[in-house]
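Enquirer: Sequence:
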Amino acid sequence: MPPSVSVIIVGAGLGGLATAIGLRRAGHQVTVLEKAPALGEIGAGIKVPPNSGRVFQEWGLLDALEKICICPQEGKMRSYRNGEVLSTMPLGESIQEKFKRPYLVVHRVDLHHMLAEAAEREGAVIELGVEVTGVRGNLGKAFVQLADGEEKAADVVLGADGERSRVRTSLLGQEFPWRDSGDHVFRATVPLQALEADNQLRGLAKGINWWIGPQGNALTYPLKRGGLLNIVVTHVHPPDASVQFAPKPIPQTEVATEFQGWDPLFHRLLGLTTTCARWTLLHTDMASQWTDAATLSVLFGAMQDKSQIPDILTIFETIRKPRAMEMHRRVGMARDIWSMPDGAQQRERDRQLRDHEPYDGYPNVLADPVLTQWMFGYDAFKEALEAWRKFERGEFPNTRGTWKLKQ
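Just so we're aligned, residue 1 is where the sequence shown starts under UniProt numbering, counting upward by one.
If you are wondering where the hints come from, they were derived from the structure by calculation, not from laboratory data.
Using N, Cα and C, we set each Cβ at its ideal position, and we do this for glycine too.
Accuracy of the hints is not assured; some may be wrong.
Derived DSSO-like pairs (lysine-lysine); straight-line CA-CA distance at most 30 Å [unchecked claim]:
id, residue 1, residue 2
1, Lys248, Lys98
2, Lys98, Lys76
3, Lys141, Lys248
For each label pair, taking beta carbons as the anchor points, the in silico distance ranges come out as [as the list claims (entries may be wrong)]:
id, residue 1, residue 2, range
4, Ala36, Gly227, 21 to 31 Å
5, Pro310, Ser181, 53 to 63 Å
6, Gln260, Gly203, 35 to 45 Å
Can you build the whole structure from these sequences, using the hints too?
Expert: Below, the structure written as structure tokens:
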């Protein structure tokens, strides 16, 4: 019988709760420590693509997820000047048929509640109002240090405590300073009823719309919770702008001023908002050790002895880190493509969007057939299982293989 490992997860956000579910389903003891006195999630909308849906399906949560989500039928990429549709990507049934799972959008609060309930249902213990100040020890014997002076011991400690992670700094022995990306992000919501009452805006209520323009882009999609349209806008900020770590309320007029000269329909939409939030998009160096929920659940579920824990973490990083780094690189490329300044390059980009069938490298990433297959067709469970079998054969690089099964 596989051994039961004690795991402490620091942070009860989306990542921490998902990891708790996966590890509990693999049969391990899981405690989640959260600094906040109550569970909550910052933000509005989040997208759940088919590769993520595969994880929820494996955990028996896909039906529950679909009940709190909207499945947009299509997405439209528009010119910032006049709203001209440059490219249309079929979602809905098209994505479902190709990848066997839908492309969904959901309010973060609903997703957070669902994950918290599922984690506790699986047997994870969630402790609120517990501040972690540091971690000490090695694999197999780790101690979480708390603000009240207490220590908690576990076989494994996983940090999911966000952008100012105490766990990351404590475990790796270095700070990971944040750097200004040069962009501000704006977020606002509009009641869908207000759009339905406006003949010009009604068409924005059911799908994804994406305006691409110089130095920025704007994305909208509907949310089931509260019957809202989520608006997320990214734009280059002035060089002397102060860094804002957390969303700060600002009047709608500031956003409208930032996007002078954009599609009148977009400005009509902004006119329905009352307040917006703004923060700075930040970058940091990638940590050398990190995890994700689906892959960990497979590897820890296959574990035969606690002495395999170091090798499990090596396997994880080997198979997941390159993919994450490639995704990070592609996001940076997409940002540059969607924010091209006016000129010949922008005109050529728009021509390719209008005149060409989607191809490898197509400017609309949700329509790029090669990229969507790489993203949405990915099976984290399958890759982790194949890696484990390779490890069992003694063929996985940089693993120690020094464990012995107990008789």
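Enquirer: Work down the list of hints and note, for each, if the structure agrees.
Expert: To see whether the hints hold, each was checked on the structure:
no., hint, in the structure
1, Lys248 / Lys98, "violated (40 Å)"
2, Lys98 / Lys76, "holds (19 Å)"
3, Lys141 / Lys248, "violated (41 Å)"
4, Ala36 / Gly227: 21 to 31 Å, "holds (27 Å)"
5, Pro310 / Ser181: 53 to 63 Å, "violated (34 Å)"
6, Gln260 / Gly203: 35 to 45 Å, "violated (24 Å)"
In this structure, the hints that do not hold are numbers 1, 3, 5 and 6, in rising order.
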